[in-house]
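Trainee: Quick note, the sequences are listed as chains G and D, same order. FYI, the numbering for the first sequence is 32 to 591, going by this note's numbering. FYI, the numbering for the second sequence is 486 to 820, going by this note's numbering.
Incorrect hints may have been included.
To be verified - Restricting the straight-line Cα-Cα distance to at most 16 Å, the calculated cross-link-like pairs of lysine to aspartate or glutamate (EDC-like) are: (1) G:Lys47 x G:Asp235; (2) G:Lys459 x G:Glu480; (3) D:Lys806 x G:Glu429; (4) D:Lys815 x G:Asp434; (5) G:Lys459 x G:Glu429; (6) G:Lys227 x G:Glu186; (7) G:Lys385 x G:Asp350; (8) G:Lys42 x G:Asp235; (9) D:Lys815 x G:Asp409.
Honestly, the hints are just simulated from the structure, not real lab data.
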Amino acid sequence: MRLFGFHGGVKPESHKSQSANVPIAPLPLPARLYVPLRPNTRAVAHCVVEPGQHVLKGQRIGDAEGVLGTAVHAPTSGIIADIADYPMAHPSGLTTRCVVIEPDGDDRWIERVPFDHRAVDRQTVLNHLRDSGIVGLGGAAFPSHIKLGAGSGIETLVLNGAECEPWITCDDRLMRERAEAIVDGAGILFELIGAKRILVGIEDNKPEAIDSMRSACRATSLPIEVIAVPTIYPAGGEKQLIRVLTGIEIPHGRLGGEFGVQCFNVGTAHAVHRAIRHGEPLVSRVITITGNVERPGNFEVAIGTPIEALLAHTSPRADTDRCILGGPMMGFALPDLRVPVVKGSNCIIAASPKLFPPPPPELPCIRCGACARACPADLQPFELYWFSRSRNFGKAQEYHLFDCIECGCCAYVCPSHIPLVDYYRFAKTEIWARERESEAASQARERFEFRNERQEREKAEKAAKLAAKAAETKAKLAQQAGQEVASDASANATGDDKKALIAAALARAKQQRSTVQPKNTDNLPQAAQAEIAEIEARRQAVGTQNPDAPERASPEDEAR
Amino acid sequence: MIHSPYIRRPTSVRGIMFNVLLALTPGIAIYAWQVGAGILVNLLIASVVAVIAEAVVMRLRGRPVGVAVSDLSAVVTAWLVVLCFPPIVPWWVTMIGVLIAIVAVKHLYGGLGQNPFNPAMVAYCALIIAYPALMSQWPPAGGLDFNTQLSLILGGAREIDAITGATALDAMRTGMRAADASISAVMQHDAFGVLGGRGWEWIAVGYVAGGLYLLFRGIITWHMPVAFIIALGGIAAVFWAVSPEQFASPLFHLASGGAMLAAFFIVTDPVSGATTPRGKLIFAAGVGLLAYLIRNFGAFPEGIAFAVLLMNMCVPLIDMKTQPPVFGQKNGGMR
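Please put together the full structure from these sequences, using the hints given.
Mentor: Now the structure itself:
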């Protein structure tokens, strides 16, 4: 099959051999599990348990809430000890609501019922996946049922087994040991999105995984093909892998579904298999623990296991100074080792100054262009650096700052040792902060304008009311006057003499006004004067010149 | 706190600069062999002056001196200044050239990475205008022994006509001024070798070897040398094809003067040149075309330095107009 390359990329030392040959082992349960009620960064789950309650393994403890929500389950059987805020696996170290479970040691499952996805309609299957807590296990933890819900027109299902970051081996092991389950899960995904073919992309530095997946594929009738892709970081980036396998480039801000291709991680396919064939919600995942530890390996870990418990199991060496969650290219140093493993955690690297030495001092950029040659997004990273550094954020956006996937290739190759990605993160967060600020400002302005408008309207309404009242009194008076005139005619009463006098005076004044009023038509030729007179007459007939007509109190269009 | 990536390729500015110096050595070795070891004296003077100037300026600017001096960028600038000057210019001409390059062109614009103009080319242009006679004394290959060269460099009496001949470009220029001149007649002058200047053409071969090394190491890309050579050779070929008795052959132009030094070491300066792939092609081609026009129709026999400075001015515009399409935007922009 013809493969497509992508621009740039780097080839860091892989370090995978440390843990790649260690089979997946279960990890003993820790004293307490901290299960976050936050399945991904954009959703929280609605808690359905109470402290003190006993739960079974796989019992739902959080309901899916919102569009991007998925359910959360108890990873083992035990007692809910607490529901409170604990630090999250995030560079900020911010806290999130967690359900704390004290395992009872039985690890007793709920009743697991296989789900026949062919017997029900599509939406029911998607709901089942949502309620089984299935999210992308590649790192972003994006809800799988949303990806599957993209609808029709998907030509190709891409299964991502590239695992391009150095050190990480969890997908490698999963493919070696559970290839049949992965392929079966892929088949379910394939049916759900109605694809025509499945392409499995695996970097060619994992020959055992490729062999294992190939033999699993031979046992099925699916149109599935396992493809060895060249080992170039970041070939495992979703858009990069799609490009390599299909030649389709998905621009920033667009989804694969719009281009007839959908991509899932091999771990996700495995989780889908468990959820459908065995009725097991997603309560554990495989994670690599490696780096500066005595016994690196791959472990099947219950979601919510504190990372310090994992580390204790692999004996970090004495000079370990921090732990990196994820790979060395895109991961982050954990601010707190008590944070729990979540569904997107794929690797923990114990780091030492020897393993990851501090970068040499930052030198000026010499515009050598090494970063541009390494950038898989075809950006000009040094230009973004200049613009970010000078806070010229508009220009940075013009040069496609937000197309940057923060893969770290540019910083990896920079001869001046500039932490380029830090500059982009800085620029992005500044731009987001400014957007939020201007949004808040425009909201405040809107509120202010609305208040002004409301006050105006109230004033107008009040005036209208007064005018109406005045008109009413006038009408009443007129009616009275009419009655009195009628009675006058018969009785010729004297009491109204005064009123008649006033009325006569008013009429005189009015007439005087109309004759005295200056007119700028006096010097016009006679023909024009005649014309004006004619128009005046017409106006008089229509009655538009009536100066006594009451003004309209408030325009209707102001009513809200 | 340090953020990802936590690993880095073992690469450094110093490594790049060291490789550029290394790539210059074949050309310099042939230079010393063909023309005389005087060039080495001037290289030494220039290197010392450059490092001292760099240190003093960094000190005055309140920046770390050690880092700047050890990155070897000042030495690269110094060597390029010397290699485009005649090898027997007095020491103070070399010194002024290096000071202009380092202090005025590099640091007054903000130091490493900030200069919009090529330092060595500004130094050459400034000095050929200030000291046109000294800057035109090119010894013929093998024409002067080392002692004479040394005394000239250190300020000995100069009997200009006796010691220097014309360069091939000079000879071509003055020769073609005669009313009945023709290329074939002019090329009888003993300044000419097989292709360009006698002896000098071999130095050009040395530069090409060094340039290929830089290409192989990925320090320069193919765009600039290829565009420069095609542009200079191409325009020379057009004129030569129209009137071979009036205009020298493309090969002559490529082998003479500083063409090969420029192709691999001058136009490829990343700081003052264009950076996008298409921009590099435009930039280097512009230098080649302008250099030819200045050589043939301008006031100076060698036009590369002026051509480079003129194109340096166009770099911001070239870069802005040649931004490559980003990932997902290659088919005419889908957004």
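Trainee: So, for every hint listed, does it hold in this structure?
Mentor: Results of checking the hints against the structure:
1. Using a Cα cut-off of 16 Å, the hinted pair lysine 47 of chain G and aspartate 235 of chain G holds, with the two alpha carbons roughly 13 Å apart.
2. Restraint check for lysine 459 of chain G and glutamate 480 of chain G: not satisfied, since their Cα atoms lie roughly 31 Å apart, outside the 16 Å limit.
3. Our distance criterion of 16 Å between C-alpha atoms is met by lysine 806 of chain D and glutamate 429 of chain G, whose separation comes to about 13 Å.
4. For the proposed pair lysine 815 of chain D and aspartate 434 of chain G, the alpha carbon gap of about 13 Å is at most 16 Å, so the pair holds.
5. Distance check on the hinted pair: lysine 459 of chain G and glutamate 429 of chain G sit about 13 Å apart at the alpha-carbon level, within 16 Å; holds.
6. A C-alpha spacing of about 5 Å is found between lysine 227 of chain G and glutamate 186 of chain G, which places the hinted pair at or below 16 Å, so the restraint holds.
7. This hinted pair checks out: lysine 385 of chain G and aspartate 350 of chain G have alpha carbons roughly 9 Å apart, not beyond 16 Å.
8. Among the hinted pairs, lysine 42 of chain G with aspartate 235 of chain G is consistent with the structure: their alpha-carbon atoms are about 13 Å apart, no more than 16 Å.
9. Distance hint between lysine 815 of chain D and aspartate 409 of chain G is fulfilled; the C-alpha atoms sit about 10 Å from each other, no more than 16 Å.
In summary, the structure is inconsistent with hint 2 from the numbered list given earlier, while agreeing with all the others.
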